[in-house]
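Chains as they are written, first to last, in our numbering: chain E, 1 to 350; chain P, 1001 to 1301.
There's no promise every hint is true.
Going by beta-carbon spacing under 8 Å, a handful of chain E positions derived as facing chain P [unchecked claim]:
#, residue
1, Phe95
2, Glu105
3, Ile211
4, Thr217
Per the computed footprint, the stretches of chain P lying under chain E, defined by three or more beta-carbons under 8 Å from a beta-carbon of chain E, are [stated by the list, open to error]:
#, segment
5, 1157-1171
6, 1198-1206
Don't read these hints as lab results, they were simulated from the structure. Heads up, the beta-carbon is just placed ideally off N, CA and C, and yes, glycines get one too.
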Amino acid sequence: MENKSKIESIGVKLPERCVTTRDIISKLKIFNPPNLERISGIKERRFCAENEDSYTLAVDAVKDCLSRSKYKPEAIDMVVCCSISRNKDGLTTVFEPPLSLFIKENIGAPKALNFDIANACAGMLTGIYIVDSFIKQGIIKTGLVVSGEYISNLSETAVNRIRTATSSQLASLTLGDAGAAIVMEKTDQSDSQALKVSGFTTFSHYNNLCIGRQCHTSPGGIMNTKRRKLHSAAILELPKILKAALLDSNLSFSQIDYFIPHQTSITAIKVGMQKMVKKLKGSPGETVTNLERFGNTASTSHILALHRYLQEKRIKKGSNILMTALASGLVIGCVIFSIKDLILTYGNTN
Amino acid sequence: MGTLIETVAIATPSYNQIGVQHNSTKLAADAAIHSIQKANLNPEQIEILINTGIYRTDNIGEPAMAAVIQDLIKAHPFGIKKKRLPPKNQTFSFDLMNGGCGFINAIQLIDGLMNSGSLHKGIIVTADVEPRPGFSEGYSFAPIAAALILKPGKKNQGFIQFGSDTYLEYKDRFTGQLVFSKSRQKSLLILDQTETYLDACIRCSNESINKFLETNKLNINDIDLIIPSQTPQGLPDALNQISALEGKVVIANTDLGELHTAGPAFALEKIWSSQQYNKAQNILFVTVSAGITTAVALYRK
């Protein structure tokens, strides 16, 4: 029987420190600041404390994930770290050894195959794509996809540099820190929870619409985004990918119970959904948004949203979930699955 | 079913002045275009592009460097025919980072996707350049790019076995980090290699080779050629001095500096047309990276 993969457990880590949009806007040195809270739907987000960074967020997310998993760390065959920010010991960016090596050492999975990947906010879904392939081939039985995003420093950089309400750094103000982790395991094609990973495409002619890099003259990073162009490109390209992915899964858009897009802004998601519903001739049961309290947490955003819904016991057994990557590149990809056992790991037996 | 190397190509800058900022994506794209031309392919036939380079111009974090390379080689939805391709034929790209071992990790991933029938052409590209000349310490890698095109092979042909080991006790022997210098008020790339790193790499590589051979019930006499990482400097020579491996190890040098992630592909390109390579049946790729992590892959022609 053909090997398939499924999500066995998930976990997250959110820093304690809460920063409101009003706090951030009040620090801007511009005369007429935008109403970011209304546009983005973000009221607050979490920022790392001094002793937290991408590495600690990732490790804590893995520990949370393993607390719901039937697997011990030593049973993990592979660790893929998908963070855009790869900070350890504060704002030091780690290139070699890769962050995944430190993570596997910390959690007690020293024999696991490990590497880092980078694919902007599509990182964790790309990690799922990779681990899914290794499991399908029978190379591994279990894999850990993990990310720790310490990106509040980009927001702090933007606060100091934004001079107009139309600044290309405005999107940086929506960012929040978080860690997320997933344990994936082997299953077979008869399992309705098996993942359908499809449509992963890089529309590379849009690669210059969002660029993030290390700051040269201050600690941390800087990100410049052409927001409107990026949004237009996403709306133009996403329906075709979604249509193909749904076709692959023998599902219509209306048969999706929870649609989890990348969490950027409530306005962008609402406008995007209106277009999707029109193009795909149907609408999902619920479009999951998780912006109000956590903001845009980059590659961890889908898992953080799924975690919240599971924790709040809002997802019914047998529901169809569709997670869609939309990331700088422009990267689009879909992960579709039916949820069952994952609900039980959150103590929801109903 | 294994995965075959269709072509390999390298690219070097047309100049190599000290302090000049080379463009990592342009360099990688040059190697990729060269390999695509050698394979007589259209860029739009590439279904996956994985970049395994570490050090890049300006320390760009997003988008993935692979997306920029993909655009430069025109492997995008419009391809060179200016006609939109159907979703299933489009290209997916991302970066995979694991020092010198990323090269074999990427091959293993593409091999898996090819085995599942979901992929027919893949390319691995890699380039390392000094991100910001003048703002690094200990950076000695050559500005070199390499690209490898992979295609499905027959049963027991191409890359057929993979192995990987980690030696965490050596994790501090080589590090590459970007730190903010308060005194200079600048971000600095600092590469720190201890004096014992080379010895540790030799020991780990040799141990991994032996373990790989034993696991796959092979003898070192079954192996005709060994293509190793070319860094740390002195590693290929040292491996070649181990009696069982003597005469099998490919050593490639360039006056541009040390070969980092492009090392194995660079070495392969240098011997691609040689009699030694033509005669070889079983080739062992052995990579080593900070961690220390080793990766071994058996390639059968």
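- Query: What are the numbers of the hints that this structure violates, sorted from low to high?
  - Reply: Result: hint 6 breaks, nothing else.
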